[in-house]
Each structure stands twice: as structure tokens, then as C-alpha cells.
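These protein sequence lines are chains S and P, in that order. Just so we're aligned, residue 1 is where the first sequence starts under our numbering, counting upward by one. Just so we're aligned, residue 1001 is where the second sequence starts under our numbering, counting upward by one.
Among these hints, one or two may not hold up.
Below, in silico cross-link-like pairs of lysine-lysine (DSSO-like), each with a Cα-Cα straight-line distance of 30 Å or less [to be verified]:
(1) P:1003 - S:55
(2) S:104 - S:55
(3) S:24 - P:1020
(4) P:1041 - S:9
Keep in mind the hints are simulated off the structure, nothing from the lab.
Listed below are the residues making up each chain.
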Amino acid sequence: MNHLNVQFKKGVLELCVLVLIDGKDQYGYELAQNISEKIEVAEGTLYPLLRRLTKEGYLSTYLGESTEGPPRKYYSITAEGEQYMNALINEWKQFSKAVDQFIKEGAGHGEE
Amino acid sequence: MVKNDFFHKLNHLLRELPKKERDEILADFEEHFTIGFNKGKTEEEIIQELGDPQDIASAELADYYATNPVRQETVPSATRSLLLAIVLIFFNLVVVAGPAFGIFFGYIGLWFGAVSMVISPLLSFLSFFQSGFDAFLFTFFVSLACCGIGLLLSIALIYSGKFLWYVCAGYVRFNIDLITGRKRS
């Protein structure tokens, strides 16, 4: 994901973060690892994203005990966040469908 | 770069933010490092994964200023600027111009005085041809005294000239700022 526009990447990451947290409450480190496993991203930039989503009321935080070390800050999705996530998912589906379509058509022409 | 450098750099880049915000951000990264260490990672590995502090700081600052807009610089309307300019021109013509010209020409005049006093010993030789030796001696010594006074006056004029220049430049700048509505800190 080095060539894609930074803004584009940000938008997609926001969606990924919401979906992952919707699946299961997570702490920052865990989330960063889960995302960077599949998407090449500077983990540090996820924290500003998490803070913004929290400020906007889409995520809430709580301190969870941990067996190793001090308590961790967990993120969970709010009702508002869920709504927002669903809107994003819909947009993403439409968008990626259209892009796939373009790629298929474009690639077809190239073969002719 | 080690953990301390990372935090120093991040803290420095976030210096515009209120302390509370900064502490929150740094605490999140502190937690990230702690967990990373527990998983057996080294400082370098964790920093490598986190990426450039500059990117983190830029995102935080952008988010912060998106929700806390910077105090708007007042942009003066064109009519306000024009009116102010007219008022200033009249004020300057009526009140400032007279004394300013007076001071300017007075200053020039003083320079003429100073220069002629300095070169007066040279001129005193003329009296030698006109009125004889005794009169020449007298004028020569008087002119030497004048030369000293002229030199002192020149020094005083150089300093006061600088001062006048600063006052003048400052006043012009003040006028421009007033019209453009700019504030200097």
C-alpha cells in the first residue's frame, strides 16, 4: 500500500479499525498488530486515528486488567460508531465493486 | 533511535498541543512500548513498526486543529482599509508632515554646519592673504576650536540620525500595519 494516496489509505484504515473493534474489544497494541499483519502501515499512525474516533464518539475506552503488566486501554465501539461503520461498509462495497468493474474492463481491453 | 529519542522527538513535535493532550498521546505510546517489551520485542523493533514520529505528530496536529480552529486573523475589508488609508494620509499631511519636514531639514542644516566647522581650518588660510599674519593666527585658532566642535557635532548627528531613521521606519511600518490590519508580535 505504498502507492495509494495517503488520504485514501486513511479512510480505509478507519473502516478496518472500526470493523476489527466491532468484532472484539481490543487494546491499541493488539489492534496495531492485527492490522499490520495484513496491511502495510506505520502502526504509530493508528493512535491518532483511535483518538479521533474516540473524540467523535464512535469509540469508547476503558481500562482492562492484564495478566502481564499494567492495565491496558481497551477500545470498544459505540452505537453511533456501529452506525457510522455500517455507512462506511456500504460506501466501501459500492466503491470497490465499481473499481473492480473498471479494472476488469480495462484489463479486457488490454488483452484484445 | 531508542525509546527515549522517540518520546523526545514526539513530545517536541507536539509542543503546540495543550499538555493534557500531549500526555494522553504519550501515555498511549508508553503502553504500546510496555506491551511490546512483554512480547519480547526490542526498542528498535517497536520503533520500526511505529514509524516516523513526524507522521504521528502531523496526524495529531491536523486532528487537533480541525476541532480547535486557530484564532482567526482578522482580515480587514477593502473598504475599511481604504477609509483608514485616507484618514491616515490626511492625518499625516496635516499633523505629521510639518514637524517631520522641519526636523528633516533642521537635521540637514546641522550637517552643513558641522561639515563647514570641520573644514574651517582650511578656509582660515584665506584670511592669511586678506588680512595678514596676526589676524590669520587668530582665525586659525578659532577655526581649530570650531573644527573640534564640528567633529563632536558630527558624532552626535550620526547617532541622532540613526535614531531618527528608526523612528521614521517604525512609524511607516505602523501605518502599513494599521492599513493591512496585520498584527506583529
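Hint-by-hint comparison with the structure:
1. Annotation: proposed proximity of residue 1003 (chain P) to residue 55 (chain S) holds, straight-line Cα distance about 27 Å (limit 30 Å).
2. For the hint pairing residue 104 (chain S) with residue 55 (chain S), the CA-to-CA distance comes to about 40 Å; that exceeds 30 Å, so the pair is violated.
3. For the suggested pair residue 24 (chain S) and residue 1020 (chain P), the alpha carbons sit about 29 Å apart, so the restraint of at most 30 Å is met.
4. Among the hinted pairs, residue 1041 (chain P) with residue 9 (chain S) is consistent with the structure: their alpha-carbon atoms are about 27 Å apart, no more than 30 Å.
The structure fails to meet hint 2 from the earlier list, while all remaining hints are met.
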